[in-house]
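Please model the complete structure; the sequences and the hints are all you need to start from.
Just so you know, we're using our numbering here: the sequence shown kicks off at 9 and counts up by one.
No wet-lab data here; the hints were simulated from the structure. Hints may contain errors.
[As the list claims (entries may be wrong)] Here are the simulated lysine-lysine pairs, DSS-like style, with alpha carbons at most 30 angstroms apart:
#, residue 1, residue 2
1, K208, K113
2, K113, K269
3, K200, K215
4, K200, K113
5, K215, K296
6, K296, K200
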Amino acid sequence: MGGNPPFVSELIKFVTSVPQPHGDWREFVCGLSAAFVNITITFPINKIIFRQIIHDVGVSRAIQQLSHEGVFFLYRGILPPLCQKSVSLSLMFGVYEECRIPMMKSNIPSYIANPSAAVIAGSIEALLTPFERVQTLLQDRSYHQHFQNMRHAFRILGAEYGFREYYRGLTPILLRNGPSNALFFYLRGEAKLRLPSSDKWWGELTKDFFSGAVIGAFLSCVFYPCNVLKFHMQSRLGVPFQSITEAFVDIYNERNRSILKLYRGFHLNCTRAFISWGVINVAYEWSKSVLY
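Below, the structure written as structure tokens:
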């Protein structure tokens, strides 16, 4: 009498035999919340960097332009990165775990499983390229009168220029996403292992901020040329697509054949990345402490 009826036993047996997800939905939520907090804080800095890259102006001139245009144009274009980065970081952390865990369970060495999972996550993130594409157009003052908002920009791109325009600049994004993800997770794991723990909340917060900030700033410096190429390629509209080589030659010639000028905005980009990834790491770890 203490046993289950036969059909219940069979149902339990069937349910327990169904493969369970390898990862955890909470990883996706943690990445989402970290991105949301980060974008709202760092968007103005990102816009100054964009002006430096596209219009070849200094920091003070970029700030002067944005101040003259007002708060509306300062935050114009925030919706695409808010959507893109929120989903992107959610995929970055979530897909990484979804791929890494089954690889580890299959006895694939960690030095292969971890970077492979990171590259897969980065490649999937590249599906969100249309958001980066629209963000570039909305931030470029040349298109202030051409596009009203994100929805309008998406509609015009698809209707007047075709689907391919959504993915202009995909190559530098792929070159950036996979390798940078692999390095990020490796360095972040090393930092968690080697940095001393603190029994104070503020000690852990400080450790999380500075470990994320230093790693983020370093990777931002390493992959800065990819972003320069991406911005250049995506600021073009309705013209033939460029290869990476063609885009590089264009930028090199526009900057008076100066390699140094290719890195205009570099220092501010590192500052933004330092703040941005520090905030992301703190928000991510805080979200994990709440959800787990």
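So, going through the hints one by one against the coordinates:
no., hint, in the structure
1, K208 x K113, "violated (35 angstroms)"
2, K113 x K269, "violated (48 angstroms)"
3, K200 x K215, "holds (9 angstroms)"
4, K200 x K113, "holds (22 angstroms)"
5, K215 x K296, "holds (16 angstroms)"
6, K296 x K200, "holds (15 angstroms)"
This entry does not satisfy hints 1 and 2, going by the numbered hints stated previously.
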